[in-house]
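Q: Put together the whole structure using the sequences plus the hints.
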Amino acid sequence: MQVELRDVNKRYGAFVAVNKLNLTIKEGAFHFLLGPSGCGKTTILRILAGLEEVTSGKIFFNKSDFTLMPAARRGIGMVFQNYALWPHMTVLQNIEYGLKVRKLTTMEIKKRLTEVLHFTQLTPFAGRYPGQLSGGQQQRVALARALAIRPTILLLDEPLSNLDAQLRLEMRDNITRIQEETKITTLYVTHDQKEALAMGSHISVMHGGKEIQSGSPKDLYLNPNSTFLAAFIGETNLLPGRVSEITAHEALVTSELGSIRGSNIRGRFKVGDPVTLSIRPESIKLDLGRSDVSPDNPCEIALKRITYLGELEQMEFTYGAKAEFLRINLYNAPDHQLQIGQKTRCFIKPSKVVILPPPQELGPNT
Amino acid sequence: MAHQKSVNHAFWAHWWSKFIGYSVVAITLAILYFFLLLPIGVVLKKALVNQQGELSFAYFELLFANNLQTGAIYNSIGIGVFTTVLATFLSLPLAIINRKFAYRGKQLLSALLLVPMIMPPFVGAIGIQRFFARFGTINMALLDCALISEPIDWLSGSFMFWAVVVLEALHLYPILYLNISAALNNVDPSLEEIGVTLGISRLGRFFRIVWPLARPGFFAGAIIVFIWALTDLGTPLLVGFHDTLPVRIFNLVTDANENPVGFALVFIVILMTVSFFLLSKLLLGSTKKFQMMARGHVSSPTVPSTWHHWWFIYPLMLGVSLLALIPHLSVVITSISDQWFMTALPENYTLRYYGAVFQQELASVGIKNSFFLASLSTLFDLVLGLLIAYIIARKIVPFTGLLDALVMIPLALPGIVLAFGYVVTYSNTWLDPLHNPVPLLIIAYGIRRLPFMVRSATAGLQQTSISLEEAATTFGAGSFKVLRTVTMPLVMANLIAGALLCFSYAMLDVSDSLILAMKDQFYPLTKAIYVLYLEQGSGEFIASALGVIGMIILSCCIVGSSLILGKKMGELFRS
Numbered sequence: 001m002q003v004e005l006r007d008v009n010k011r012y013g014a015f016v017a018v019n020k021l022n023l024t025i026k027e028g029a030f031h032f033l034l035g036p037s038g039c040g041k042t043t044i045l046r047i048l049a050g051l052e053e054v055t056s057g058k059i060f061f062n063k064s065d066f067t068l069m070p071a072a073r074r075g076i077g078m079v080f081q082n083y084a085l086w087p088h089m090t091v092l093q094n095i096e097y098g099l100k101v102r103k104l105t106t107m108e109i110k111k112r113l114t115e116v117l118h119f120t121q122l123t124p125f126a127g128r129y130p131g132q133l134s135g136g137q138q139q140r141v142a143l144a145r146a147l148a149i150r151p152t153i154l155l156l157d158e159p160l161s162n163l164d165a166q167l168r169l170e171m172r173d174n175i176t177r178i179q180e181e182t183k184i185t186t187l188y189v190t191h192d193q194k195e196a197l198a199m200g201s202h203i204s205v206m207h208g209g210k211e212i213q214s215g216s217p218k219d220l221y222l223n224p225n226s227t228f229l230a231a232f233i234g235e236t237n238l239l240p241g242r243v244s245e246i247t248a249h250e251a252l253v254t255s256e257l258g259s260i261r262g263s264n265i266r267g268r269f270k271v272g273d274p275v276t277l278s279i280r281p282e283s284i285k286l287d288l289g290r291s292d293v294s295p296d297n298p299c300e301i302a303l304k305r306i307t308y309l310g311e312l313e314q315m316e317f318t319y320g321a322k323a324e325f326l327r328i329n330l331y332n333a334p335d336h337q338l339q340i341g342q343k344t345r346c347f348i349k350p351s352k353v354v355i356l357p358p359p360q361e362l363g364p365n366t
Numbered sequence: 001m002a003h004q005k006s007v008n009h010a011f012w013a014h015w016w017s018k019f020i021g022y023s024v025v026a027i028t029l030a031i032l033y034f035f036l037l038l039p040i041g042v043v044l045k046k047a048l049v050n051q052q053g054e055l056s057f058a059y060f061e062l063l064f065a066n067n068l069q070t071g072a073i074y075n076s077i078g079i080g081v082f083t084t085v086l087a088t089f090l091s092l093p094l095a096i097i098n099r100k101f102a103y104r105g106k107q108l109l110s111a112l113l114l115v116p117m118i119m120p121p122f123v124g125a126i127g128i129q130r131f132f133a134r135f136g137t138i139n140m141a142l143l144d145c146a147l148i149s150e151p152i153d154w155l156s157g158s159f160m161f162w163a164v165v166v167l168e169a170l171h172l173y174p175i176l177y178l179n180i181s182a183a184l185n186n187v188d189p190s191l192e193e194i195g196v197t198l199g200i201s202r203l204g205r206f207f208r209i210v211w212p213l214a215r216p217g218f219f220a221g222a223i224i225v226f227i228w229a230l231t232d233l234g235t236p237l238l239v240g241f242h243d244t245l246p247v248r249i250f251n252l253v254t255d256a257n258e259n260p261v262g263f264a265l266v267f268i269v270i271l272m273t274v275s276f277f278l279l280s281k282l283l284l285g286s287t288k289k290f291q292m293m294a295r296g297h298v299s300s301p302t303v304p305s306t307w308h309h310w311w312f313i314y315p316l317m318l319g320v321s322l323l324a325l326i327p328h329l330s331v332v333i334t335s336i337s338d339q340w341f342m343t344a345l346p347e348n349y350t351l352r353y354y355g356a357v358f359q360q361e362l363a364s365v366g367i368k369n370s371f372f373l374a375s376l377s378t379l380f381d382l383v384l385g386l387l388i389a390y391i392i393a394r395k396i397v398p399f400t401g402l403l404d405a406l407v408m409i410p411l412a413l414p415g416i417v418l419a420f421g422y423v424v425t426y427s428n429t430w431l432d433p434l435h436n437p438v439p440l441l442i443i444a445y446g447i448r449r450l451p452f453m454v455r456s457a458t459a460g461l462q463q464t465s466i467s468l469e470e471a472a473t474t475f476g477a478g479s480f481k482v483l484r485t486v487t488m489p490l491v492m493a494n495l496i497a498g499a500l501l502c503f504s505y506a507m508l509d510v511s512d513s514l515i516l517a518m519k520d521q522f523y524p525l526t527k528a529i530y531v532l533y534l535e536q537g538s539g540e541f542i543a544s545a546l547g548v549i550g551m552i553i554l555s556c557c558i559v560g561s562s563l564i565l566g567k568k569m570g571e572l573f574r575s
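Line order of the protein sequences matches chains A and B.
Position one of the first sequence corresponds to residue 1 (this note's numbering), numbered consecutively onward.
Position one of the second sequence corresponds to residue 1 (this note's numbering), numbered consecutively onward.
Source of the hints: derived by calculation from the structure; they are not laboratory data.
Even for Gly, the Cβ is constructed at its ideal location relative to N, Cα and C.
Please note that the accuracy of each hint is not assured.
Which stretches of chain A does chain B cover? Using the computed rule of at least three CB atoms under 8 Å from a CB of chain B, they are [what the hints assert, rightly or not]: (1) 46–57; (2) 86–92; (3) 95–108; (4) 336–347.
Below, a list of computed lysine to any residue pairs in the SDA-like style, where the Cα atoms sit at most 25 Å apart [stated by the list, open to error]: (5) 100/A to 20/B; (6) 63/A to 11/B; (7) 18/B to 56/A; (8) 281/B to 96/B; (9) 26/A to 219/A; (10) 395/B to 55/A; (11) 26/A to 481/B; (12) 481/B to 58/A; (13) 58/A to 96/B; (14) 58/A to 11/B; (15) 395/B to 26/A; (16) 18/B to 55/A; (17) 481/B to 104/A.
A: In structure tokens:
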């Protein structure tokens, strides 16, 4: 099922939850909606489920207008953040509910129950009440209940947020596997960027009721189009500066760190424009006397603090007259003799420097 | 083509579901209008507009010129005030003890405290008369002990006033106890602990920290107790203290259309109810002023009790409950007494009056009628209460606050006012209670207990996550299917609790029964008791037996509910 939202607006009084959103989810896609809390992502999910009405705009399922279709007739499967398992029904009765409402034959119901219980490894728990299950099992029941009706679209609202870290990793694989096997068009809402990066094939990043960028995880990470996105997905150093020179493929930016050449230009700039540089901590190479590091964009920095994390050392450096820090991550770091307070140099490849418009106030959602 | 069809389909389905939602709201509002607002409006209009259709206060001049009527007004206010004071003295220590101490049997004793709330005070009134008669139990006991030489005339006017006050207070103190307990439990214990760290004494902490925060809750209960006592018809009627507003109104109902003083009296009752409500709100401010900060529940104010606390905990808890049941105990004794003359207790006991209940046409029909009426009115409350609670809890329509306020009116609305309003409004229509009071009785019972049902169901719905219903919707269930398969089972405990309360109160409703049921064949239990009681000969004893049967039915309801709710529901609904 292909899903399309066209100019969708949703207001609660003066509050704008969704702002002129256009979004297309391809048939069979595993699509992620990623954004901080309050960005409108859950509202979109509820609009698609038919639990909220749009203020204006239209929704299309396979090119048919579904904007006014009541929730009960949309044929979607939804997993709620709190699972919404009915506490007065057993696991079996929970899963059976949607099938009975659809008035399927007893044979068919039985077949699907066996299938979905097996699929989610819940067969031994069929007779239990939700209160007698662990968090992970409850999560699986919610998923099984949604899958049993063979939904045209599967909507998942932060399905892993109530689980502990270990279980979350396990369930990530579980859900990805199920999506791959069933090929159901799936929309997954989360605020956890790691979850989205690890699982998603296509991510739409939301902020202030709008989609601000969409693409593959790699694309979003390497080529963010705003400082918000650069900072939201992964860690980054944001450095304000001013364009001092423009060439065919590169721009030279004067900043507190020095004059820095960047080739990843996200926006149209002319000389004198204020910009912000986004440089990932792992893209900055320390001058440790190694020959395989090309000496681009050399900068003078002084070590302030080291945090040792095993496979990774996080370092903070001071530079220029600013009280700000430059963060550098060293993976599998070779032995170095850097002392706190010691001055050194670092290099940055121009292709790893993302030149962005300065952060804008997105303003309150009014 | 297929596309166009699905669009049309969606469009109609959308508006159909809206239509159903708003129809339910419209029907609810219509019922509340015709059977709550309209009767009150008609009474107000008749009181203020004379036969020429002009605004006039002539009826009030008539009323205040008569010493009998003004005396009744003062007496009723007095009953209200003293009942509230006495009920406070009974309930406040109990609430404080239960907040402060943990002790063995606390749950049982706390439940026992609530029993008098559903025991009919007017039945107790029969027993009290026996106890305090010129040659009744008290006088005979005192004579036997040679404490007095002449029987004391207990049943004079001022004694009967106090008898009503005591009976009302013993009946109504649980309402105050529940309100004070809830208010005290809402006070964050850490606020008190801060007082401890600041070196404030125990009494200082109570009067300067706890009580100011709990006070709004206390007054919310106190105003209900005050109004219920002021407007109760059954107790003064059976005690024989007829100089009260409700009894006067009752006596005027039959010729309501000839004697306009009745309207003026009802108007005064409404005026008093409303003004005392406003006064209590005005003087004490709304509860919002002291809205409690988020509670951490870090500590509990309850401490384990030791043996030197027991000497006041147990006597107080047990004492109040037993004291409250004495009037009812006296009814039980009356109902089984055989020869009872010039002795403290009966000389012989018999069960023949219980047999008489089932031979007596009036008595057995009364039981049957009450069962029938109370069952139907409870059903009425269940359906309407659940729908209203659903609309309020899920905010289906705008202005749910207004709807909530509307539904709560009957809690403070005196039964006599509503019954009087029904008689006036629906006389000479197809609902005329003179011909067949059954529809109006069911509605009156139902409307007056609706607040219990709505509050109970709303509480259940607010504890049930809305996503449980939404989930059912996404799986294709329509609104009524969701209500039936998901919502109702989840709030079943609240529905049963509310329904039992509605049923119990309806079974022993006095004012509606006495006023609306005008023919023998329609008499409910309470009117049968009243009429039998007035009969010469063995009437008093049969009335007592009938009262005891009523109390047994009520006790069964309460025990049954605690069994159903305790075992079956308790564990299931904790997810």
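Q: Look at each hint and say if it fits the structure.
A: Here is how each hint holds up against the structure:
1. 46–57: Held - the stretch 46–57 of chain A has 3 residues with a Cβ nearer than 8 Å to chain B, which meets the minimum of three.
2. 86–92: holds (count 3)
3. 95–108: holds (count 4)
4. 336–347: The restraint on the stretch 336–347 of chain A is violated, since only 0 of its residues have a Cβ under 8 Å from chain B and three are required.
5. 100/A to 20/B: holds (24 Å)
6. 63/A to 11/B: holds (16 Å)
7. 18/B to 56/A: holds (18 Å)
8. 281/B to 96/B: Cα-Cα ~24 Å, so holds.
9. 26/A to 219/A: holds (18 Å)
10. 395/B to 55/A: holds (18 Å)
11. 26/A to 481/B: Violated. Residue 26/A to residue 481/B sits at ~33 Å, over the 25 Å cutoff.
12. 481/B to 58/A: Violated. Residue 481/B to residue 58/A sits at ~28 Å, over the 25 Å cutoff.
13. 58/A to 96/B: With a Cα-Cα distance of about 60 Å, the restraint between residue 58/A and residue 96/B is violated, given a limit of 25 Å.
14. 58/A to 11/B: With a Cα-Cα distance of about 13 Å, the restraint between residue 58/A and residue 11/B holds, given a limit of 25 Å.
15. 395/B to 26/A: Between residue 395/B and residue 26/A the Cα gap is close to 36 Å, so the pair fails against 25 Å, i.e. violated.
16. 18/B to 55/A: Given that 25 Å is the threshold and the Cα spacing comes to 16 Å, the pair holds.
17. 481/B to 104/A: holds (17 Å)
Of the numbered hints listed earlier, those contradicted by the structure are 4, 11, 12, 13, 15.
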